[in-house]
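Residue numbers (the working numbering), protein chains in the order written: chain L, 1 to 241; chain C, 1 to 233.
Misleading hints may appear alongside valid ones.
[Said to hold, decoys possible] Only part of the chain L face toward chain C is listed, based on derived beta-carbon distances under 7 Å:
(1) G27
(2) L50
(3) I51
(4) E105
[To be verified] With a straight-line cut-off of 30 Å between C-alpha atoms, the simulated DSBU-like cross-links for lysine-lysine are:
(5) L/K112 - C/K68
(6) L/K226 - L/K188
(7) L/K78 - C/K68
[What the hints assert, rightly or not] A few chain C residues that face chain L, going by a derived Cβ cut-off under 7 Å, partial list only:
(8) D15
(9) A106
(10) F110
(11) L181
It should be emphasised that the hints constitute simulated quantities derived from the structure, not laboratory data. Computed from a prediction, not measured in an experiment: that's the story for all the values here. Even glycine gets a Cβ: it sits at the ideal position worked out from N, Cα and C.
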Amino acid sequence: MIEVRRLSKTFNGNPVLQGVHLTVEDGEILVVIGKSGCGKTVLLKHLIGLIEPDEGEILVDGVAIYELNRKQLLEMRKRFGMLFQSAALFDSLTVGENIALPLKEHTSLSKKIIEEKVREKLRLVGLEGIEHLRTSELSGGMKKRVGLARALVLEPNYILFDEPTTGVDPIMAERINDLIIDLQERLKVTIIAVTHDLRSAYKIGTRLAMLAEGRIVFVGTVSEIKSSTNSTVMEFIRSYG
Amino acid sequence: MVRNGLMQFPRVLKDLDLIISQMYSIGYSSLPLIALTSAFTGMVATVQTAYQVREYVPLDLLGAGVGKAIMLELAPVTTALVLAGRAGAAMAAEIGTMKVTEQIDALEAFSIDPHCYLFLPRFLASLVMLPVLVIFSMLVGILSAIMIASVALDVEAYTFAESLKLFFKYRDLLGGLAKSLFFGGIIATMGCHYGFMAEGGAQGVGKATTGAVVAASVLVLVSDYFVGALVFV
Chain L
1 MIEVRRLSKT
11 FNGNPVLQGV
21 HLTVEDGEIL
31 VVIGKSGCGK
41 TVLLKHLIGL
51 IEPDEGEILV
61 DGVAIYELNR
71 KQLLEMRKRF
81 GMLFQSAALF
91 DSLTVGENIA
101 LPLKEHTSLS
111 KKIIEEKVRE
121 KLRLVGLEGI
131 EHLRTSELSG
141 GMKKRVGLAR
151 ALVLEPNYIL
161 FDEPTTGVDP
171 IMAERINDLI
181 IDLQERLKVT
191 IIAVTHDLRS
201 AYKIGTRLAM
211 LAEGRIVFVG
221 TVSEIKSSTN
231 STVMEFIRSY
241 G
Chain C
1 MVRNGLMQFP
11 RVLKDLDLII
21 SQMYSIGYSS
31 LPLIALTSAF
41 TGMVATVQTA
51 YQVREYVPLD
61 LLGAGVGKAI
71 MLELAPVTTA
81 LVLAGRAGAA
91 MAAEIGTMKV
101 TEQIDALEAF
111 SIDPHCYLFL
121 PRFLASLVML
131 PVLVIFSMLV
141 GILSAIMIAS
151 VALDVEAYTF
161 AESLKLFFKY
171 RDLLGGLAKS
181 LFFGGIIATM
191 GCHYGFMAEG
201 GAQGVGKATT
211 GAVVAASVLV
221 LVSDYFVGAL
231 VFV
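Hey, can you work out the whole structure from these sequences and the hints?
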């Protein structure tokens with residue numbers, strides 16, 4: 001379980017998060033929605049300790065991550081996998097090397113087993129046989145799926161998705177949505193996704209949370225958000241739905 | 001960054017392939033450029049030394065003066081300045097691009113310490129390759145000096161080499177190499193530091209690259225005095 005308590009962050013005098021409270025239950029898909037630039041990615045990066053908050057704390061399985069030293073934080077992050085908005089594949093490495101890197105760094109598995117795991121994860125995202133390609137040879141959708149394969153390779157408990165369907169065509173977006181649901185059902189992982197794509201949020205979310213003006217203004221199921229009378233929520237649904 | 005990276009020194013064996021790849025990029029790939037700059041540095045040092053001393057000192061002693069200047073100063077400093085422009089800029093641009101495209105965040109997210117994964121191999125490769133390149137630069141510089149002395153100044157190669165040998169001290173060679181160790185550390189540290197500090201997009205990477213080259217070049221020249229004073233005074 002992840003608990004976010006009173007999380008605040010200001011960049012250059014501009015408050016982005018202002019006392020965010022949020023709880024993510026084990027085994028759910030929580031989708032954080034909100035306008036572009038409202039701080040969704042900042043919130044997501046806080047969950048894994050990539051950004052340090054001005055105030056507040058985050059508990060992962062009861063452990064306050066900002067009280068950990070660097071070594072403990074790096075150890076804790078092994079429980080997470082993250083798909084970045086731009087996929088953030090290492091462009092000096094091939095697809096196979098990208099996926100293998102976390103295994104090479106954190107396990108003593110043989111080269112043969114690592115190669116087998118890379119093939120398995122690529123198969124899982126429907127991209128078998130592209131290990132040798134450079135990342136510059138991939139389309140946007142392929143990059144997202146390779147990023148996802150890399151996020152899964154350490155078999156994490158928590159997977160974070162930053163705008164998983166942004167920048168891909170509707171058919172690919174649908175495939176990525178199906179893949180996220182399938183992953184959660186098969187691996188029983190906890191997923192936190194941030195997006196402004198309401199169609200995607202409705203499809204994959206067990207619960208939805210809406211971030212606006214630096215605060216969580218709504219948390220509930222898909223049917224609850226559709227019937228919400230909160231003016232901010234209604235305006236967002238009208239504009240983005 | 002330096003402390004974080006060096007604290008992970010025991011990882012060296014694990015990262016051997018990264019270090020070798022950096023040694024190739026910093027060292028082997030720089031050879032043509034170092035050969036060219038060293039050749040012309042050796043030649044200009046010879047011609048200008050002859051011009052300055054020919055009225056007071058016989059040109060038979062040209063080898064001693066030029067050889068010492070190349071070993072003590074010209075080879076280490078010109079190699080370091082060329083490497084600051086070539087390797088230091090490449091490090092800042094590569095790491096800066098990784099920073100602005102979230103690749104550094106991705107390393108962190110996968111529990112891989114970027115200082116360890118990116119800085120340490122570059123730092124160690126620079127420490128090893130700078131002295132190697134400086135030795136290469138000394139050889140090319142001295143051979144070019146011998147050639148130009150023989151062709152343009154009528155100083156025979158044998159005479160030039162004998163004068164060089166007569167006044168040669170191991171301390172000169174070791175002093176030049178000691179400087180190159182410092183310079184190697186400075187170039188890698190500035191290249192990586194400015195890369196990690198890059199912000200924004202292409203403009204941020206450009207600023208980081210310029211900053212790395214300027215800082216490394218200035219620090220090379222400043223530390224040149226201090227290391228020189230430490231070794232030779």
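>> Checking hints one by one. Is L/L50 an interface residue toward chain C, by the C-beta closer than 7 Å rule?
In response: At about 5 Å, which falls below the 7 Å cut-off, the nearest Cβ of chain C leaves the hint on L/L50 intact, so it holds.
> Holds or violated: are the alpha carbons of L/K78 and C/K68 at most 30 Å from each other?
Replying inline: Roughly 55 Å separates the two Cα atoms, so the pair is violated.
> Once the shortest beta carbon distance from C/L181 to chain L is found, is it less than 7 Å?
Replying inline: With a minimum Cβ separation of about 27 Å from chain L (threshold 7 Å), the hint on C/L181 is violated.
>> Let's test the interface hint: is any C-beta of chain L closer than 7 Å to that of C/F110?
In response: Status holds, d = 4 Å.
> If you take the shortest Cβ to Cβ gap from L/I51 to chain C, is it below 7 Å?
Replying inline: Cβ of L/I51 sits 9 Å from chain C, so the hint is violated.
> Taking the closest Cβ pair, is C/D15 under 7 Å from chain L?
Replying inline: It is violated, given that the least Cβ distance between C/D15 and chain L is near 10 Å, above 7 Å.
>> Would the hint on L/E105 be counted as holding, given a Cβ-Cβ threshold of 7 Å to chain C?
In response: holds (5 Å)
>> Against the 30 Å threshold, does the CA-CA distance of L/K226 and L/K188 hold or violate the hint?
In response: holds (27 Å)
>> Check the hint pairing L/K112 with C/K68 against an upper bound of 30 Å on the C-alpha distance.
In response: violated (55 Å)
>> Using the nearest Cβ pair, does C/A106 come within less than 7 Å of chain L?
In response: holds (4 Å)
> How about L/G27: closest beta carbon in chain C under 7 Å, or not?
Replying inline: violated (21 Å)
The earlier numbered hints that this structure contradicts are 1, 3, 5, 7, 8, 11.
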